[in-house]
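J.: Here the protein sequences line up with chains A and B, keeping their order. Going left to right, the first sequence walks through residues 1 to 322 as the numbering used here numbers them. Going left to right, the second sequence walks through residues 1 to 322 as the numbering used here numbers them.
Check the hints yourself; a few may be wrong.
Rough simulated footprint, nothing fancy, chain B against chain A, three-plus residues with beta-carbon under 8 Å [to be verified]:
1) 65-72
2) 95-104
3) 108-118
4) 132-146
5) 167-173
Partner residues aside, some chain A positions facing chain B, computed with beta carbon under 10 Å [claimed, not checked]:
6) E31
7) V32
8) G38
9) A47
10) V49
11) D123
12) R239
13) D249
14) V252
15) P277
16) V281
17) H319
Pulled from the structure, derived: some chain B residues nowhere near chain A, Cβ distances all over 12 Å [said to hold, decoys possible]:
18) A30
19) R206
20) G244
21) A285
22) R308
Calculated directly from the structure, the hints in this document are not laboratory data. A virtual CB, placed ideally from N, CA and C, is assigned to each residue, including glycine.
Number of protein chains: 2
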Amino acid sequence: VGPPKPTPAGSETQQAGEDAAIQRIGRRVAEVFGAPTGSQRWVGDDAAVLETPEADLVMTVDSTVEGVHVSLDLMSLEDVGWRAMSRAMSDVAAMGSAPRFALVSVCLPPTCAVDELYEGLLDAAASYACPIVGGDLVAAPLLSLSIAIGAVTPDGEPVGRDGARPGDAIFVTGPLGAGAAGLRLLRADPVSPGGDPLVDAYRRPRAQLAAGWAARASGAAAMMDISDGLAIDLDRLVRASGVGFRLDDLPVAPGATLAEALGGGDDYQLLIVSGHPGAVVEGFASSGLPAPTPIGRCTADPEERQFRGAPVDRLGWEHGIR
Amino acid sequence: VGPPKPTPAGSETQQAGEDAAIQRIGRRVAEVFGAPTGSQRWVGDDAAVLETPEADLVMTVDSTVEGVHVSLDLMSLEDVGWRAMSRAMSDVAAMGSAPRFALVSVCLPPTCAVDELYEGLLDAAASYACPIVGGDLVAAPLLSLSIAIGAVTPDGEPVGRDGARPGDAIFVTGPLGAGAAGLRLLRADPVSPGGDPLVDAYRRPRAQLAAGWAARASGAAAMMDISDGLAIDLDRLVRASGVGFRLDDLPVAPGATLAEALGGGDDYQLLIVSGHPGAVVEGFASSGLPAPTPIGRCTADPEERQFRGAPVDRLGWEHGIR
């Protein structure tokens, strides 16, 4: 087991994979508890959207596991903490919501110092202005962290994956492939001291909270973070929306390859879909954010997956789950 | 690594242990984010108590790890799911709150079927009337689950660990030692088909939500669930409250030993402390619950730990964390 490599996750592997398992779980949850009412979203989006008598909340829980998402051969425990917090926070960004509190459950082998890990967790949480309010500590043979984040969406509705319509413009919030390229460099030279922007992108990703907020406020129809790879994550978004896509451009991070940009994952940029692309561009400008890059459009054919006129494989990371 | 054994967790191991690590984390959180305001509770109780502009919430996250909290040699994947959900729910019970939603992050090895695990999770969640609204799936070398639960406390304040005063009565909600005795029986005969009440107590514990609710409503001063062992958990409660304790009785589950009742853990009964013991007894009766058992009193000497006139060791389970 090592850090994730880009692997094709074709439809033939669907029934054995993470996505199929999540669909089955969603069906069983609906059988046991009924479908969520109103504007709630339960299983199957970046985060759950809840309406309780007390409050509307956006909740996510996200795990980071040594040997799967992180490798202590390639980064410090502080980096692991930062990265785990940013990965979870990215799910909140993808809803266009604002984080309010985080809880951290840590499984720690005897070789790891909890304080070092927490320094990275706290640095990241502070940079997102989100307090760590509780959690759990377990002595375990394998390092892993599960982070639950509670968020709110004042003056609006969280943005799901299923709102894209044919003709809508597709944006990404920044160049892609940096995370995967950084991992490639780290594997060649594991003791890299940092300072290289690609290595830093891999070790210390940043959740795009301000961009998600600006996109939601400017009327984005669908949104998702790119954690597993553009091709597989965009496939998930258009599948949830019942549309297809044609891409004509892709901002590749300097030093990354096109394959890394398409299927590398670990970028934590956002995919934004909107029927009013001008409003999105204006919203980013008025928030002082770098303009998002238009990369293509949604199409009416739900089977269509095109990049520069050619079919695009479902490249990216999907967990093997049975 | 095997399922937990009762191990003495004396004060000499404090600095290397879970409790000391949690204290250090609490101090660092306060340095970075400030102390929580109002009636909020962050790090250090069974669950976090939050006041956001939108709602007051009780949040917990709890991990269950193969080889630490559960063993697939001794129980089915369905049992693991049930047990993990009940362990997390027990933290909500210990605040006197009512669960509203659960999120489940699962790390799953290729040998385990996610659907089987989810059947146990869903059974338990349905029995607690708490929908599973989201989560995360990761293919990983070691089976583990982290469950986040959001809860509310209408018409009242959640009950923490730190409200016990000298002279207050101490109750437990049921007989102790059943979980540890069940584990002992399972180790002797791992293929036990179930049906034995002790084995069932270990494989399928129940969170005491109704009892926690009744105790809070009848004015309990402090509360905590017994997951690691009566002696260590009561030590944590009186330490948080700045009092001592003298126990004169202990309800031992039929078939369990006194040592299992004192330090076995895995019981998920509640410790209830109250300055108005009659009100607690009446509250349980009017809720149709079995009467809680008075086991002793809190004392003014914060160093005192007595059982039937003799000092009692801090028996129970504490994770070794550095």
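J.: Now look at each hint and say whether the structure bears it out.
T.: Do the hints match the structure? See the list:
no.: 1; hint: 65-72; result: holds (count 4)
no.: 2; hint: 95-104; result: holds (count 4)
no.: 3; hint: 108-118; result: holds (count 7)
no.: 4; hint: 132-146; result: holds (count 13)
no.: 5; hint: 167-173; result: violated (count 0)
no.: 6; hint: E31; result: 9 Å, holds
no.: 7; hint: V32; result: 5 Å, holds
no.: 8; hint: G38; result: 13 Å, violated
no.: 9; hint: A47; result: 7 Å, holds
no.: 10; hint: V49; result: 9 Å, holds
no.: 11; hint: D123; result: 8 Å, holds
no.: 12; hint: R239; result: 17 Å, violated
no.: 13; hint: D249; result: 31 Å, violated
no.: 14; hint: V252; result: 28 Å, violated
no.: 15; hint: P277; result: 30 Å, violated
no.: 16; hint: V281; result: 31 Å, violated
no.: 17; hint: H319; result: 4 Å, holds
no.: 18; hint: A30; result: 10 Å, violated
no.: 19; hint: R206; result: 18 Å, holds
no.: 20; hint: G244; result: 26 Å, holds
no.: 21; hint: A285; result: 29 Å, holds
no.: 22; hint: R308; result: 32 Å, holds
The structure is inconsistent with the numbered hints 5, 8, 12, 13, 14, 15, 16 and 18, although it conforms to all the rest.
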